[in-house]
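Visitor: Sequence:
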Amino acid sequence: MVTDHPRHRKEQCLGLTMALLLVFSIVPPTIATAADDPSFTITFNDGEVSPSRLEVPAETRFEIRLINNGKTPAEFESIPLSKEKVIGPGVSTFIVIKYLDPGEYSFFDDFHPDAPPAVLVAVPSED
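Read in order, the letters of the sequence shown correspond to residues 1 to 127 in our numbering.
Treat the hints as calculated values from the structure; they're not laboratory data.
Think of the CB as a built atom: it goes at the ideal place given N, C-alpha and C, for glycine as much as any other residue.
Mixed in with the good hints there might be a few duds.
To be verified - DEER-style ranges, computed between Cβ atoms: (1) 124 with 71: 36 to 46 Å; (2) 126 with 71: 33 to 43 Å; (3) 102 with 79: 15 to 25 Å; (4) 79 with 46: 20 to 30 Å; (5) 89 with 116: 17 to 27 Å; (6) 59 with 114: 29 to 39 Å; (7) 125 with 47: 28 to 38 Å; (8) 51 with 110: 16 to 26 Å; (9) 69 with 113: 16 to 26 Å; (10) 126 with 104: 15 to 25 Å.
Throw the hints in and build the complete structure from the sequences for me.
Guide: In structure tokens, the structure reads:
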């Protein structure tokens, strides 16, 4: 007989929690951590983006650190990558790119429209 008594629901929830803890303590995690990802840096400084051309590995997950050394906000924006991130003055953050086909992907500082655009170049590995 199944009842909807609060005590029974609490016991079911506790049992499920214990089962999940047991599974996750036995099975090693196979998901790559951010520490395993190659990392690259793009710096913003009141309308200046550096580097203006950044080569990254194609077909590889990687991290881009975004640092704003300026006194005004910046916004990393890339229409081909479908990525955007606002960075406050003096702030450092990051984005993760999971996979890029070889090619060039433009990006810009959307808060400084007069600044020249920059490009991310996904380079195939030489395997």
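Visitor: Does each hint fit the structure? Answer for all of them.
Guide: Do the hints match the structure? See the list:
no.: 1; hint: 124 with 71: 36 to 46 Å; result: 39 Å, holds
no.: 2; hint: 126 with 71: 33 to 43 Å; result: 42 Å, holds
no.: 3; hint: 102 with 79: 15 to 25 Å; result: 19 Å, holds
no.: 4; hint: 79 with 46: 20 to 30 Å; result: 23 Å, holds
no.: 5; hint: 89 with 116: 17 to 27 Å; result: 21 Å, holds
no.: 6; hint: 59 with 114: 29 to 39 Å; result: 34 Å, holds
no.: 7; hint: 125 with 47: 28 to 38 Å; result: 34 Å, holds
no.: 8; hint: 51 with 110: 16 to 26 Å; result: 18 Å, holds
no.: 9; hint: 69 with 113: 16 to 26 Å; result: 19 Å, holds
no.: 10; hint: 126 with 104: 15 to 25 Å; result: 18 Å, holds
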